[in-house]
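4 protein chains.
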Amino acid sequence: MNITEIYNHVRKRTEEICSVLNTEDYVPQPVNFVSPPKWHLAHSSWFFEEFLLKKYLPDYKIYDDDFCFLFNSYYNTVGNRTFRAERGHITRPTVAQVYDYRNYIDIHMQLLLQLKDPQVHELLELGINHEQQHQELLLTDIKYILGCNPIFPVYDVNIDWENQQNSDSGFFAFPEGVYEVGHNGDGFSFDNEHGRHKVYLEEFEISQNLITNLEYLEFIEAGGYSNFNYWLDEGWAWINENEVKAPLYWHKIDGEWHMFTMAGIQKINPEALVTHISFYEAAAFAEWKGMRLPTEFEWEAASFKLDWGKRWEWTNSAYLAYPNFKKAKGAIGEYNGKFMINQMVLRGASCATAKHHSRSTYRNFFHPNERWQFTGIRLAKK
Amino acid sequence: MNITEIYNHVRKRTEEICSVLNTEDYVPQPVNFVSPPKWHLAHSSWFFEEFLLKKYLPDYKIYDDDFCFLFNSYYNTVGNRTFRAERGHITRPTVAQVYDYRNYIDIHMQLLLQLKDPQVHELLELGINHEQQHQELLLTDIKYILGCNPIFPVYDVNIDWENQQNSDSGFFAFPEGVYEVGHNGDGFSFDNEHGRHKVYLEEFEISQNLITNLEYLEFIEAGGYSNFNYWLDEGWAWINENEVKAPLYWHKIDGEWHMFTMAGIQKINPEALVTHISFYEAAAFAEWKGMRLPTEFEWEAASFKLDWGKRWEWTNSAYLAYPNFKKAKGAIGEYNGKFMINQMVLRGASCATAKHHSRSTYRNFFHPNERWQFTGIRLAKK
Amino acid sequence: MNITEIYNHVRKRTEEICSVLNTEDYVPQPVNFVSPPKWHLAHSSWFFEEFLLKKYLPDYKIYDDDFCFLFNSYYNTVGNRTFRAERGHITRPTVAQVYDYRNYIDIHMQLLLQLKDPQVHELLELGINHEQQHQELLLTDIKYILGCNPIFPVYDVNIDWENQQNSDSGFFAFPEGVYEVGHNGDGFSFDNEHGRHKVYLEEFEISQNLITNLEYLEFIEAGGYSNFNYWLDEGWAWINENEVKAPLYWHKIDGEWHMFTMAGIQKINPEALVTHISFYEAAAFAEWKGMRLPTEFEWEAASFKLDWGKRWEWTNSAYLAYPNFKKAKGAIGEYNGKFMINQMVLRGASCATAKHHSRSTYRNFFHPNERWQFTGIRLAKK
Amino acid sequence: MNITEIYNHVRKRTEEICSVLNTEDYVPQPVNFVSPPKWHLAHSSWFFEEFLLKKYLPDYKIYDDDFCFLFNSYYNTVGNRTFRAERGHITRPTVAQVYDYRNYIDIHMQLLLQLKDPQVHELLELGINHEQQHQELLLTDIKYILGCNPIFPVYDVNIDWENQQNSDSGFFAFPEGVYEVGHNGDGFSFDNEHGRHKVYLEEFEISQNLITNLEYLEFIEAGGYSNFNYWLDEGWAWINENEVKAPLYWHKIDGEWHMFTMAGIQKINPEALVTHISFYEAAAFAEWKGMRLPTEFEWEAASFKLDWGKRWEWTNSAYLAYPNFKKAKGAIGEYNGKFMINQMVLRGASCATAKHHSRSTYRNFFHPNERWQFTGIRLAKK
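Chains as they are written, first to last, in full-length UniProt numbering: chain A, 1 to 382; chain B, 1 to 382; chain C, 1 to 382; chain D, 1 to 382.
In short, the hints are calculated from the structure, not lab data. Wrong hints could be hidden among the right ones.
What the hints assert, rightly or not - Below, simulated DSS-like cross-link-like pairs (lysine-lysine); rule was C-alpha separation at most 25 Å, straight line: (1) K305/B - K245/B; (2) K326/A - K327/D; (3) K198/D - K381/A; (4) K55/C - K329/B; (5) K55/C - K326/B; (6) K305/B - K289/B; (7) K267/C - K305/C; (8) K54/D - K198/A; (9) K116/B - K54/B; (10) K382/A - K198/D.
To be verified - Pulled from the structure, derived: some chain D residues nowhere near chain A, Cβ distances all over 12 Å: (11) F69; (12) Y99; (13) N129; (14) K245; (15) W250; (16) N269; (17) T295; (18) Q343; (19) M344; (20) H357; (21) H367.
To be verified - The calculated label-pair distances, taken between Cβ atoms and stated as ranges, are: (22) W257/C - D59/D: 36 to 44 Å; (23) D66/C - E5/D: 41 to 49 Å; (24) H121/C - E218/B: 38 to 46 Å; (25) D59/B - V20/A: 35 to 43 Å.
The C-beta atom is built at its ideal place from N, Cα and C for all residues, glycine as well.
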């Protein structure tokens, strides 16, 4: 596919994700970290308008001035943003108007793409990858919104993500030595994975399989959530304040564990990979097992051996700048760098990640208590 | 109109109120005290189902079990209720399904009304008055939802409520003595206005006119919001914590005061009656004027002389039980009595009140900081 | 006793209350509504300095400018006040310095009292009554501070307040009619009990005895704290949010109810009058009994028949202005009026009230959730 | 000094730190992260009782069972702990009783030390180092408590810590390559600095001097606190929510910057090293300078060249486990490992650190918003 085809394909995929929603489903923001589907649709379009059309398409007329501040996310450089926590109270523009906005952007993007302006390429790739990131958030935010509803609506009965299983087992061993990590420059990549550099790793072993629901149930039944010895101090406070006793979306119904899935409420499948796990839970599980989580560099060094793409895998690495990290100038510089505090790196990809979006150097990151993504656990040991 | 016609008329009016809404507008709950329009539509129908159809219509089949707990409000007797603060996150049932529910209830209510069961009459009147109360809340909640939107959507350009003016002026004087207050038994009334009883009032004077925007602006410009001497201690804390500097919906745009109205954003009309005032503000204004708010009994004694129906008028009476107050048995007993703490009585009616719904003995009540109703100020003095 | 003797007697009594404290006990403010004993000692002295010595004693030299803002309470007129919530973090001036301040004030008050300035009399009486109010708060705040300590320190083994019992039983009946309430002008009284005025009361009956621990235990054992039918809506929310299951200071130890008293931890005495009850609990108890709390006017009309002085008795009257209520000019005007919102009136006096301080027209007031005073329950019925 | 002399010396030093306090100063806990001096005195004694005397001194009699749960800190293994936020409300045991407890522990420790039990040595060293850590916290907590007081009490006029200056300037350059970091096993060290291991560092330069007040004032005056471009996203939220506009303890008085010091309030000394800086501020300052903070490994590799010991220096490394990190068994295992989340590493030592306590491999750690320690800024660049 050429870049125009990729653009069109990705844009269409975003709308496909929303095709089974009712208008009402596009509106709410049940918690701060979830955004209304309507907002994702508009914001990913705003990104192309703000960073491409306004600058590179001659005589481009902004669709609507109001959209600029309504659908900006965190780009302080661009202007006053709407308070993030209030996104769910904004009923206008309507969903229909947002789709009209998308259409308007797409029509003008076709014009821009015909100009074949070489300056545009890098930002275009960023916009496409940005939209793919929002596709994953759309899916996990829709799951969260539906999961808030006591009547547990189904998103799609044909999606079987929560039942994915391992295809491998056992541990791989890696020797001590200098390894290279980080992106080497070919193909698209985010600034946070530049530049390629050397790290020194001690000898380590990394598991070929992810933890299953069965293994996680053993942890629960062994009293994992009530023994402070397994927990980081802040993790222990977190489970107690929030009365966490199981992964997100798990419900005990008539004495049996169930899970809310994209296909509705289901009994826990013991063979399936556990998911919707916070870093705190992943670390406590590893402690209980007498092992540990891999670092992001161990993971990357081992990645060529791993089957991955089912769950985002928590690492024991904090999300920090690589040596020689450079922020881009202007608003694009706000993309990644300013989030480099109090977050942990996840590696791999999940069932909800857009195809061909991730890679072995990709650094995803969330706060240690966040678990509405399709996260999972891979263990390491020395 | 007979009771069936009244029922049909009131039910139709509720839907008229929503006729200009988009689907998205039915969903959010921006603050705890506001409910989504969808919820009002369903809840007022649920009331007829729960208290009339289930008990008095032979072979009635409940529309949907889920609706019972989704659209119950605070009737603890009836079953587990949804948490009030989460109403805005429930996207299903959809708006269309809620209208279908209304229709189902109305069809069965026609059947019930044809039975002419005399037992039904009292609960039917209560249900109709309950729906009228929710009509007013629908209007004020819709205004709140639209007013949260930085682009200030219009509800109806033909509504001119915020520009209503006084038709009278001056003070009426009333002599000291025993007066009778409370409802005397003819026509529908709520339990909180029973039973009629004597009160002893000192000599008092009550104003024939309500306070205007012009008078309120004088208070603002005289530093009313920055001089603690005018304020109750909790009122002073409230304006400081919330940075309150003017009535709700007032915005200073380019140095000039504007107000968000049902017809959109407008410049303040100095002749119009001030509205969206908390009890704290009403009491501070009165203190600044060297007067006071009337008690609810002074108001009721004077009511035959007053032109009212434009603004709910704050009184200096706490919402408490009348002598001989009796709670009804069962869930209906939860209607009013359990709210008799920390709220102040408002008398009269407002531009948003359903016609023929209020009366001179009617007791409305809100917390002293609440001001999203069409409230106003009438002064009294000795 | 002449006024100088009364002054000296009251000032000495304040220090007696603190005589068994350790220096450490004078410092903490465990919750916002409790003040450190050190603060009470200084603040009651500051009152005499601010309102009497500075104005009426020629050539009076202020003890220390810092004390003016450290020990002001809520008198906005006088200057910047310390934030109330921070009182427990202020370690200097020390306790010894505060006693030195008291001594300095007392020496200068002797000089002022010798002048026999008639202007001084009214403020002097207010200062003495103010100090008596703080004596009661000192006792209840000390109890609260000691009660926070998991090792339950004893204040005074000889105090037997929590074991006081009823001396009467049965109900008195009063006929319908006009009654006079409020203070008539002889002797000291607070502005909130002026002026004497007529009220019309329906026929009522009021109990001669207060509720005992035994009766209250019956309410607990009958599931009183888990049946919403007995509770005001905000009371129900309050007990659930705070996990309230019994009066303040009750602890279940090895399956048996105990109570922290001024004399340490003791088993519940069934004959003793229940105390440390919120308005919410008093109202729920009355509802469970099929009765109600008296209004403050019923209480006052009946007071000549009642034995009282053991517990502050919650009434079902909100704390609001009497007809003809006038605020004094200046800072003294802040004494009572500005608290007339969201509080309920208590009548009588408690075991901790200074002798001769209360009277039948006295209006005490607290928020409906507050219960660290020695409060109790008297029932009424029609 | 032999180990007994060291023990006695360190214990005496703790009491010297408190020698100028009044009894009242020992009591408050103004914020969660500060502990009352009384608590530090007791807790550091409890450590010796719990981990040494109870286990290794024959026939040892516990001083008081209550002290075990009152003065435990976060050692969940040992038993129920007091809630950390309530430490400031516990007035008993008194300060005198706490000193008596210290004395009792010291007497029994002499007995234990005479036994020369080799098993004891490691825990004894840990207890001494633990007490030294609390000496530094005592000093910074005392400063915080005094700094809360609007009258700014002096701790010691002879302490000149806040006026310390640089003795070097310029940058050192280090070449790319493998470096060794971590403790190598000689002398006491904490588990978090084990074991010595290789890291690969890119070429870097590190400053010989720390940032001064003058340089930091330039940042303030250049609008550093109002330009989001310099800040991490959570840092930007933190300064806005807390209205942070300068380092902790800075006050603008009559238009001039002052600082609360151990010796009282003083004008800012431009030559002195800036201190009481959060990680957020350090990172923003570095961004503004176009440089960055060093990683903890760069710092350690360069440490033999650096003059340090005046300010704890924020690094851009998260506090995480080293390869081969092993938790000790039992309660001692809770010492460090469970805090390895959401904290950043500081290296070096400060003016308030006990002599000979720190070393080049020492890893101190605090949350990125914490700044009541004597923290400072050292820059690095590539």
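Evaluated hints:
1. Of the pairs offered as hints, the one joining K305/B and K245/B is violated, with about 34 Å between alpha carbons and a cut-off of 25 Å exceeded.
2. For a cut-off of 25 Å, the pair hint linking K326/A to K327/D is broken: about 37 Å separates their Cα positions.
3. Between K198/D and K381/A the CA atoms are separated by roughly 18 Å; this keeps the pair inside 25 Å, and the hint holds.
4. About 62 Å separates the Cα atoms of K55/C and K329/B, which puts this hinted pair outside 25 Å; it is violated.
5. Note on K55/C and K326/B: the hinted pairing is violated, with a Cα-Cα distance of about 55 Å set against a maximum of 25 Å.
6. Proximity of K305/B to K289/B is assessed by CA-CA distance (about 23 Å); at most 25 Å being required, the pair is judged to hold.
7. About 32 Å separates the Cα atoms of K267/C and K305/C, which puts this hinted pair outside 25 Å; it is violated.
8. The hinted pair formed by K54/D and K198/A fails the criterion: a straight-line CA distance of about 50 Å is larger than 25 Å.
9. The straight-line distance between the Cα atoms of K116/B and K54/B is roughly 16 Å, inside the 25 Å bound, and the hint therefore holds.
10. With a CA separation close to 15 Å, the supplied pair K382/A and K198/D stays within the 25 Å bound.
11. Listed as outside the interface, F69/D is consistent with that label: its C-beta sits roughly 15 Å from the nearest C-beta of chain A, beyond the 12 Å cut-off.
12. Separation of Y99/D from chain A is adequate, the least Cβ-Cβ distance of about 30 Å exceeding the 12 Å criterion.
13. Against the 12 Å criterion, N129/D stays outside the reach of chain A, whose nearest CB is about 20 Å from its own CB.
14. No Cβ of chain A comes within 12 Å of the Cβ of K245/D; the nearest lies about 18 Å off, and the non-interface call holds.
15. Residue-level check passed: W250/D sits 23 Å from the nearest beta carbon of chain A, beyond 12 Å.
16. Distance check on N269/D: its Cβ is at least 31 Å (rounded) from any Cβ of chain A, clearing the 12 Å threshold; non-interface status holds.
17. For T295/D, the requirement that its beta carbon stay farther than 12 Å from each beta carbon of chain A is not met, with the minimum near 8 Å.
18. Against the 12 Å criterion, Q343/D falls within the reach of chain A, whose nearest CB is about 9 Å from its own CB.
19. Look at M344/D: its CB is around 8 Å from the nearest CB on chain A, not clear of 12 Å, so calling it non-interface is violated.
20. Taking the minimum C-beta to C-beta distance to chain A, about 23 Å, the non-interface status of H357/D holds against the 12 Å cut.
21. Annotated as non-interface, H367/D brings its C-beta within 12 Å of a C-beta of chain A; the closest such distance is 8 Å.
22. For the hinted restraint 36 to 44 Å between W257/C and D59/D, the CB-CB distance of approximately 39 Å keeps it satisfied.
23. Under the hint 41 to 49 Å, the C-beta atoms of D66/C and E5/D, about 45 Å apart, fit the expected range.
24. Against the hinted window of 38 to 46 Å, the Cβ-Cβ separation of H121/C and E218/B comes to about 40 Å, which satisfies the hint.
25. Between D59/B and V20/A the CB atoms are about 36 Å apart, so this pair conforms to the stated range of 35 to 43 Å.
Going down the numbered hints, you'll see the structure goes against 1, 2, 4, 5, 7, 8, 17, 18, 19 and 21, while the others check out.
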